[in-house]
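Numbering of the sequence shown is given in the working numbering, commencing with residue 1196 and proceeding in unit increments.
No lab work stands behind these hints: they were computed from the structure.
Being a predicted model, the structure only gives us computed values, none of them experimental.
All residues carry an ideal CB built from backbone N, CA and C; glycine is no exception.
Certain hints may be false.
Between beta-carbon pairs, the in silico distance windows are [unchecked claim]:
| # | residue 1 | residue 2 | range |
| --- | --- | --- | --- |
| 1 | L1240 | D1267 | 17 to 27 Å |
| 2 | L1280 | R1242 | 34 to 44 Å |
| 3 | T1244 | Q1264 | 17 to 27 Å |
| 4 | A1291 | A1271 | 17 to 27 Å |
| 5 | L1289 | V1239 | 19 to 29 Å |
| 6 | R1277 | G1257 | 33 to 43 Å |
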Amino acid sequence: MTIPSDDPFDPTVGKGFDAADDNLADDLSCEELVELVTDYIDGVLDRDTEARFALHATSCPGCEIYLQQFRDTIAAIGTLGREALDPQVRDDLLGAFRGWRR
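The task is simple: from the sequences and hints, build the whole structure.
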């Protein structure tokens, strides 16, 4: 029996995931979690992958910290206005990523 978490930082809260679910037996590695973190934050993972991600993130202290750092970074950057970025730095960043493909 899985006891639901009331931790607001637990990525399984409100998702209806059960750690005992047979579909979660194929756990994610830390490397896979790092590759999927932006898709997880954006909410675009399929249900099974999201469940595997959440299970790993809540059972691996290093990945739990990584996910929280990622969220903290997004929160901090999200508070910056366009005027906070020097125009030259903006142009340099846009140039560096212009040809980048996922």
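Going through the hints against the structure:
Judged by the Cβ atoms, the range 17 to 27 Å given for L1240 and D1267 holds: they are separated by roughly 21 Å. For the hinted restraint 34 to 44 Å between L1280 and R1242, the CB-CB distance of approximately 37 Å keeps it satisfied. As the Cβ distance of T1244 to Q1264 is approximately 21 Å, the hint placing it in 17 to 27 Å holds. At about 21 Å, the CB distance of A1291 to A1271 agrees with the hint of 17 to 27 Å.
Between L1289 and V1239 the CB atoms are about 24 Å apart, so this pair conforms to the stated range of 19 to 29 Å. One distance hint, 33 to 43 Å for the beta-carbon pair R1277 and G1257, holds here, with the actual separation near 34 Å.
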